[in-house]
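**Student:** Here are the chains, one letter per residue:
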Amino acid sequence: DTEVTQTPKHLVMGMTNKKSLKCEQHMGHRAMYWYKQKAKKPPELMFVYSYEKLSINESVPSRFSPECPNSSLLNLHLHALQPEDSALYLCASSQDLAPGTSTGELFFGEGSRLTVL
Amino acid sequence: DAKTTQPNSMESNEEEPVHLPCNHSTISGTDYIHWYRQLPSQGPEYVIHGLTSNVNNRMASLAIAEDRKSSTLILHRATLRDAAVYYCILRVYGQNFVFGPGTRLSVLP
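These protein sequence lines map, in sequence, to chains A and B. Under this note's numbering, the first residue of the first sequence is numbered 1, with each subsequent residue one higher. Under this note's numbering, the first residue of the second sequence is numbered 1, with each subsequent residue one higher.
Just chain A, with the same shape it has in the complex (with noise of 0.2 Å):
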């Protein structure tokens, strides 16, 4: 299996809501990452973990709140998000050797398209 799964693909929040957006992978990878992409933009990157903790946090607003409850699992918790949060937001995983020295090939997701009202 070498898949990367996002859920749900689509998702319509208002500002004041609370949402999940969920990413699984079962190829025994220890690193998880979130991006989020605008249209016609590359992917920027918001949140690494590496072996369950949190490793890199790219000055994201806190209104993005990262889970990673195992190492399959990575969850992003959205609250009080703004119409500019809008994006498509994608998980990734790749394999780390040991923690904070991930080298090899990344394996995305289709990622989740978030429109914020």
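It should be emphasised that the hints constitute simulated quantities derived from the structure, not laboratory data. Among the clues, some could well be false.
As the list claims (entries may be wrong) - Derived lysine-lysine pairs resembling DSS-like cross-links, with alpha carbons at most 30 Å apart:
(1) B:Lys-69 - A:Lys-22
(2) A:Lys-18 - A:Lys-40
(3) A:Lys-53 - A:Lys-41
(4) A:Lys-40 - B:Lys-69
(5) A:Lys-9 - A:Lys-53
(6) B:Lys-3 - A:Lys-53
(7) A:Lys-41 - A:Lys-9
(8) A:Lys-18 - A:Lys-53
(9) A:Lys-22 - A:Lys-53
(10) B:Lys-69 - B:Lys-3
(11) A:Lys-22 - A:Lys-38
(12) B:Lys-3 - A:Lys-41
(13) A:Lys-53 - A:Lys-38
(14) A:Lys-53 - A:Lys-19
(15) A:Lys-38 - B:Lys-3
(16) A:Lys-18 - A:Lys-41
(17) B:Lys-3 - A:Lys-40
(18) A:Lys-38 - A:Lys-18
To be verified - Negatives, chain B to chain A, calculated, CB over 12 Å:
(19) Asn-13
(20) Arg-68
(21) His-76
(22) Thr-79
(23) Gly-100
(24) Ser-106
As the list claims (entries may be wrong) - To be clear about the criterion: a stretch of chain A counts as covered by chain B if any three or more of its residues have a C-beta under 8 Å from a C-beta of chain B, and this derived list gives those stretches:
(25) 42–50
(26) 106–113
Just so you know, these numbers come straight off a predicted model, no measurement behind them. Cβ coordinates follow ideal geometry from the N, Cα and C atoms, glycine included.
Since chain A is already given, all that's left is putting chain B on it; use the hints.
**Tutor:** Chain B alone, transformed into the frame defined by chain A:
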């Protein structure tokens, strides 16, 4: 973050080879060169990566300059399904995996 530069866009005819260039003049000895592509409405997809030697796989070939300051992704026979944004990325040991703007490849029938 390690930086790469690529042309904004390129065009190719179907069934012809495509050479996508990438400059990475600040590369250091342990940085891997990765290529990904993103088809419309999909997440990025791994294409190929290498360190010093040229690499081939079922999707493409990667030619790395002797000084490693540039590389070229080679699609041997472009198809319409190869139309995508191609990203060249330096995979720096222990650091962020950062995407640049990429090259938008159009394939003409």
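**Student:** Each hint should be assessed against the structure and marked as holding or not.
**Tutor:** Hint check:
{"no.": "1", "hint": "B:Lys-69 - A:Lys-22", "in the structure": "violated, 38 Å"}
{"no.": "2", "hint": "A:Lys-18 - A:Lys-40", "in the structure": "holds, 27 Å"}
{"no.": "3", "hint": "A:Lys-53 - A:Lys-41", "in the structure": "holds, 28 Å"}
{"no.": "4", "hint": "A:Lys-40 - B:Lys-69", "in the structure": "holds, 27 Å"}
{"no.": "5", "hint": "A:Lys-9 - A:Lys-53", "in the structure": "holds, 26 Å"}
{"no.": "6", "hint": "B:Lys-3 - A:Lys-53", "in the structure": "holds, 27 Å"}
{"no.": "7", "hint": "A:Lys-41 - A:Lys-9", "in the structure": "holds, 19 Å"}
{"no.": "8", "hint": "A:Lys-18 - A:Lys-53", "in the structure": "holds, 23 Å"}
{"no.": "9", "hint": "A:Lys-22 - A:Lys-53", "in the structure": "holds, 17 Å"}
{"no.": "10", "hint": "B:Lys-69 - B:Lys-3", "in the structure": "holds, 11 Å"}
{"no.": "11", "hint": "A:Lys-22 - A:Lys-38", "in the structure": "holds, 19 Å"}
{"no.": "12", "hint": "B:Lys-3 - A:Lys-41", "in the structure": "holds, 16 Å"}
{"no.": "13", "hint": "A:Lys-53 - A:Lys-38", "in the structure": "holds, 27 Å"}
{"no.": "14", "hint": "A:Lys-53 - A:Lys-19", "in the structure": "holds, 22 Å"}
{"no.": "15", "hint": "A:Lys-38 - B:Lys-3", "in the structure": "holds, 20 Å"}
{"no.": "16", "hint": "A:Lys-18 - A:Lys-41", "in the structure": "holds, 26 Å"}
{"no.": "17", "hint": "B:Lys-3 - A:Lys-40", "in the structure": "holds, 19 Å"}
{"no.": "18", "hint": "A:Lys-38 - A:Lys-18", "in the structure": "holds, 21 Å"}
{"no.": "19", "hint": "Asn-13", "in the structure": "holds, 24 Å"}
{"no.": "20", "hint": "Arg-68", "in the structure": "holds, 16 Å"}
{"no.": "21", "hint": "His-76", "in the structure": "holds, 21 Å"}
{"no.": "22", "hint": "Thr-79", "in the structure": "holds, 21 Å"}
{"no.": "23", "hint": "Gly-100", "in the structure": "violated, 6 Å"}
{"no.": "24", "hint": "Ser-106", "in the structure": "holds, 14 Å"}
{"no.": "25", "hint": "42–50", "in the structure": "holds (count 5)"}
{"no.": "26", "hint": "106–113", "in the structure": "holds (count 6)"}
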